[in-house]
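Undergrad: Each chain, letter by letter, is given below.
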Amino acid sequence: MDSMQLFTRQTKAISTARRSLLIIESIPGIQFSEIVDVELGTGEVRSGQVIEVGKGTTVVQVFGGVSEVDLLDSKVRYKGETLKLPLSPDILGRIFDGSGKPIDGGPPIISQKYQDINGVPANPASRMPPAEFIETGISAIDGLNVLVRGQKLPIFSGSGLPHNKIAAQIIRQASLKGKSDDFAIVFGAIGVSYDDAAYFINNLEETGALSRAVGFINTASSPVIERLSTPRLALTAAEYLAWEMDMHVLVILTDITNYADALRELAAMRGEIPSRRGYPGYMYTDLASLYERAGRISGREGSVTILPILTMPDDDITHPIPDLTGYITEGQIVLSRPLDRKRIYPPIDVFLSLSRMMKEGIGEGKTREDHNNVFMQSYAMYAEGNYLREITTVIGSEALTDRDKVYLEAADRFERDFIAQAEHSRRTVEDTLSVAWDIFSMLPEEDLKLINEKYIKKYLPEPSKSE
Amino acid sequence: MGKIWRISGPVIIAEDMRGSQVYEVVEIGDERLNGEIIGLEQDKAVIQVYEDTVGLTVGEKVTRTGEILMAELGPGLVGNIYDGVQRSLVTMKDEVGDFLHRGVRTHALDREKKWRFMPGVKAGTRVEGGDIIGTVQETGLIEHRIMVPPGMSGVIDSIEEGDYTVEETVAMLESNGKTRPLTLMQRWPARKPRPYKRRFDPVDLLVTGTRIIDYLFPLALGGKAAIPGGFGTGKTVNLQQMARWSQTQLNIYVGCGERGNEMADVLHSFKELKDPGSGRYLQEKEIFIANTSNMPVVAREISIFIGITMAEYYRDMGYDILLVADSTSRWAEAMREIGARLEETPGEEGFPTYLGSRLSAFYERSGKVECLGSPDRVGSATVIGAVSPPGADFSEPVTQNTLRIVDALYSLDVALANRRHFPTINWLQSYSKYADSVDTWWEKVSPDYTEVRNQALITLQKEAELEEIVRLVGPEALPENDKLLLLISRMIREDFLMQSAYHPVDTYSDPKRSHLMLSIIMKFNDFARGMAETGMMVSEISASRIKQRISRMKDVPDNEIDQYIDSIRQDMAGGAASLEQGGV
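Line by line, the protein sequences are chains A and B.
The opening residue of the first sequence carries number 1 in the working numbering; numbering runs sequentially from there.
The opening residue of the second sequence carries number 1 in the working numbering; numbering runs sequentially from there.
Hints were generated in silico from the structure; no laboratory data involved.
One thing to keep in mind: the hints can contain errors.
Some chain B residues well away from chain A (every beta-carbon gap over 12 Å; in silico) [stated by the list, open to error]: (1) SER8; (2) GLY55; (3) GLU60; (4) THR139; (5) GLY140; (6) LYS192; (7) ARG198; (8) ASP275; (9) GLU337; (10) GLN455; (11) GLN461; (12) LEU484; (13) SER500; (14) GLN563.
In silico EDC-like links for lysine to aspartate or glutamate, alpha-carbon gap of 20 Å or less [stated by the list, open to error]: (15) B/LYS554 with A/GLU446; (16) B/LYS93 with A/GLU244; (17) B/LYS113 with B/GLU31; (18) A/LYS55 with B/GLU41; (19) B/LYS3 with B/GLU31.
All C-beta atoms in this analysis are idealised placements derived from N, C-alpha and C, irrespective of residue type, glycine included.
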């Protein structure tokens with residue numbers, strides 16, 4: 001692709017302006033997908049993109065819509081290139097908008113290196129399976145849904161649930177882990193409110209993490225089309241930091257629901273045939289082109305870990321956005337409204353949450369030898385307690401055996417002591433495991449079937465052993 | 001040579017293309033992007049492009065190759081990793097680095113590597129398509145049988161042992177006064193099924209090592225099956241397990257529009273895991289196609305056909321092949337995307353109206369056949385396709401169209417996944433039409449197979465009926481015999497159906513072991529019933545040491561399992577006395 005243009009390619013021959021599209025008489029050399037400037041009669045300049053080009057006509061989608069475009073005075077200038085982001089180590093500590101322009105009052109980034117924001121797919125044969133434990137300090141994650149470097153693990157939330165708090169806690173705490181100097185945060189805010197964006201920025205500032213962070217902010221009032229470029233800019237920056245600067249990068253993208261809605265809006269304007277709930281049929285592929293940029297490459301130091309946040313419309317996990325996301329990501333952290341109502345923070349639904357990369361990230365030398373056993377036993381115990389709760393609502397608690405009552409109590413304690421923790425409490429994985437062992441000590445020892453006997457001897461607190 | 005006339009995403013229209021044919025491969029622009037003609041009108045050709053079209057301009061040249069899309073077949077396929085259009089990702093990694101830039105081309109088969117060819121026929125032998133003329137040891141596990149390409153025949157003029165590249169002549173074939181060279185490599189159009197003499201009914205069990213499949217819903221060699229499941233139900237783990245442990249000579253894993261990290265995990269694990277039969281690395285009996293979800297969408301459509309063509313080629317050598325495709329939904333979505341670009345009239349949910357026929361075109365290439373040529377041999381290609389229904393709703397078009405074609409269904413259940421019951425194959429919804437045809441095979445392992453299987457299925461069915469009552473009255477209120485049934489069904493579920501993919505012993509269960517495990521549970525059923533009749537409470541039976549020993553049998557290594565099960569059987573023969581001695 002040639003980015004040097006020796007002459008201006010400009011035309012006024014616009015034949016149609018409808019919805020967000022312009023149909024223009026073709027001039028030679030137009031590239032598919034290239035960026036254009038549309039200059040209105042009023043002097044205002046909007047950007048657009050070539051979405052179809054033919055010998056006779058070219059179709060351009062205008063970012064920001066075609067209102068006030070007139071067919072006589074408006075001009076279209078072809079830029080000869082696709083959307084690119086300048087990259088240098090100076091991007092750290094900076095905040096940009098959804099088109100890649102600085103919005104923090106600082107100077108523009110000067111660089112020889114301009115990278116296409118769509119990225120290039122990694123060769124599957126070059127990828128390394130993610131296996132390195134990231135300690136987030138949150139028990140429900142570190143104990144039961146382990147995050148590893150190079151993974152993509154979304155938070156499925158609902159409106160009003162504390163997903164931002166959790167994400168901020170992860171940023172704060174994960175960044176403190178081990179070799180903190182090579183851990184970078186890339187933050188992409190997609191169509192969120194100004195307050196939400198400010199919350200993250202302030203949080204980064206307060207913890208001093210801003211110098212290792214890059215932000216791309218597209219607020220609810222910014223152009224819709226930039227909702228599509230914001231995560232791509234963020235991921236392009238992340239890939240640069242990971243693959244060329246050898247950094248471990250954690251990318252937070254919020255809110256993917258706004259992204260998908262923008263995708264739907266623009267597809268509808270193009271008159272495309274919609275698939276489920278009006279979202280375009282290629283949404284899976286499109287979301288994959290974002291999420292799949294996570295990973296590790298063999299022979300390279302860095303990693304890209306992606307933590308997308310999405311709010312499930314009406315808390316419906318089968319809605320196309322969480323559904324397609326779940327098919328691409330390696331698990332999901334699901335927030336629960338009932339837990340939130342019980343004032344449990346973080347309200348992580350242990351049953352619906354899952355980390356597919358967990359087994360690679362835990363065990364001796366990574367976390368602790370008993371981790372997998374503790375995970376399985378906690379899960380079984382909490383599941384049994386929950387089942388009994390359900391039954392109790394129908395048949396009353398009188399019909400329960402003593403053993404059943406122990407499990408009910410254990411499930412309560414599991415929520416109170418294990419899942420719940422303060423917003424600023426950072427538990428090491430050892431702390432997390434010992435909370436679980438404390439709860440196990442309530443149960444009859446022969447019920448700890450999922451735990452290897454040698455770990456029971458080693459880790460089960462004393463009082464229960466002597467019984 | 002033609003020129004680009006219009007560009008719309010992955011579809012372009014070229015002009016001046018008179019004389020080209022549908023499915024002909026073309027090269028586009030200076031970067032020579034690969035594409036395939038999918039429609040012709042006057043001098044214009046509609047082309048789907050296997051690579052990203054960003055930056056192409058109208059008027060760039062489009063070069064015809066005169067060939068339709070061919071798969072390269074020959075030694076060097078096994079152990080290799082390909083993208084959707086059969087470019088070797090291993091070669092690309094070495095030549096262009098860690099990222100897939102477009103316009104890069106590699107041969108599927110290494111042109112430099114020499115293979116030792118051992119002739120199997122002498123000069124002067126009359127041969128025809130499918131005849132084996134010699135062999136090459138492709139990997140430690142695969143003897144590659146070099147065949148005369150279908151449609152060719154004549155007399156072998158010369159043939160010689162030696163080291164050859166895939167392009168060098170290993171034999172000359174003379175027919176009607178003309179001599180033609182035979183090489184180690186042949187090419188075959190990917191969309192066209194390879195010929196065979198005749199088809200057989202699938203009656204032999206394909207041993208997958210997964211108990212619920214082998215025992216309850218068996219798959220036959222040459223069969224076709226689908227695994228639909230919502231996300232998180234472990235579709236990929238199931239398929240990987242099958243690709244790992246299936247007792248076939250060669251497995252082909254097509255990752256179609258799926259996760260890159262998972263693909264990396266598969267690739268790495270096959271380098272480390274060993275085949276239970278031979279003790280050699282699984283990589284030596286595996287071909288991978290990796291077209292991950294962020295790779296060009298058009299290549300997804302052809303990747304499945306490339307995969308099945310390779311499966312047929314090895315089938316023709318007389319081998320049993322398993323092909324797993326993960327996921328056919330992504331494949332169907334690729335067709336939908338192309339269809340929309342072509343402005344075709346869409347069918348259900350925007351999928352093309354030919355979705356059903358395209359799915360059949362793939363699944364119907366499975367089968368157990370008598371291969372072409374001599375010596376006489378039988379080969380099979382078994383196909384398992386994953387389906388990813390949106391919202392785990394099985395009423396959607398891809399699942400429904402697939403169910404009309406396949407003969408076995410492994411239905412994955414979100415509720416089981418949430419209970420961490422793995423594999424999440426639902427025993428009430430799954431079925432296999434091969435159950436009746438492979439029972440003869442099973443009865444060679446054990447004559448009471450059919451009876452044990454039926455008993456287990458009935459117990460599970462009754463449990464489902466009781467479950468609703470339990471929800472209303474609680475388990476304590478049930479009569480003792482119902483409690484016993486719940487105990488047994490729970491044992492079937494936990495001690496037999498649940499199987500850990502990550503436990504070194506449990507991950508693979510051979511048919512004999514599976515039979516021992518389920519039959520001891522059903523034996524325990526008889527035993528417990530006897531005990532209950534003497535007045536013993538189900539809670540006591542449930543706490544017995546015998547029951548606990550059964551629940552630990554999964555961990556017992558293969559060489560000790562006979563003895564272990566035998567000792568449980570003897571304990572039960574001791575009757576009530578043994579329960580007491582064993583310590584209740």
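Undergrad: Should the label of B/ASP275 as a non-interface residue stand, given a Cβ cut-off of 12 Å to chain A?
TA: Per Cβ check, B/ASP275 is outside 12 Å of chain A; nearest 21 Å; holds.
Undergrad: Beyond 12 Å from every Cβ of chain A: is that where the Cβ of B/GLU60 lies?
TA: violated (10 Å)
Undergrad: Is B/LYS3 within 20 Å of B/GLU31, Cα to Cα?
TA: Distance of about 14 Å is within 20 Å: holds.
Undergrad: Is the claim that B/GLU337 lies outside the interface with chain A correct, judged by CB distances over 12 Å?
TA: Non-interface label on B/GLU337 violated, nearest chain A Cβ at 5 Å vs cutoff 12 Å.
Undergrad: Non-interface claim for B/THR139: all C-beta distances to chain A beyond 12 Å?
TA: holds (18 Å)
Undergrad: Minimum Cβ separation between B/SER500 and chain A greater than 12 Å?
TA: violated (10 Å)
Undergrad: So B/SER8 supposedly isn't at the interface. Is its beta-carbon more than 12 Å from every beta-carbon in chain A?
TA: violated (5 Å)
Undergrad: Going by Cβ atoms, does B/LEU484 stay more than 12 Å from chain A at every point?
TA: Its Cβ never comes within 12 Å of chain A, the nearest being 18 Å, so this holds.
Undergrad: Verify that the Cβ of B/GLN563 lies farther than 12 Å from every Cβ atom of chain A, and report whether the claim holds or is violated.
TA: Correct as stated: the minimum Cβ-Cβ distance to chain A is 22 Å, above 12 Å.
Undergrad: In terms of Cβ atoms, is chain A entirely out of 12 Å range of B/ARG198?
TA: Answer for B/ARG198: holds, closest chain A Cβ roughly 38 Å.
Undergrad: Hey, is B/GLY55 genuinely clear of chain A, shortest beta carbon separation above 12 Å?
TA: violated (4 Å)
Undergrad: Under the criterion that the straight-line Cα-Cα distance not exceed 20 Å, is the pair B/LYS113, B/GLU31 satisfied?
TA: violated (27 Å)
Checked against the numbered hints given earlier, this structure breaks hints 1, 2, 3, 9, 13, 17; the rest are met.
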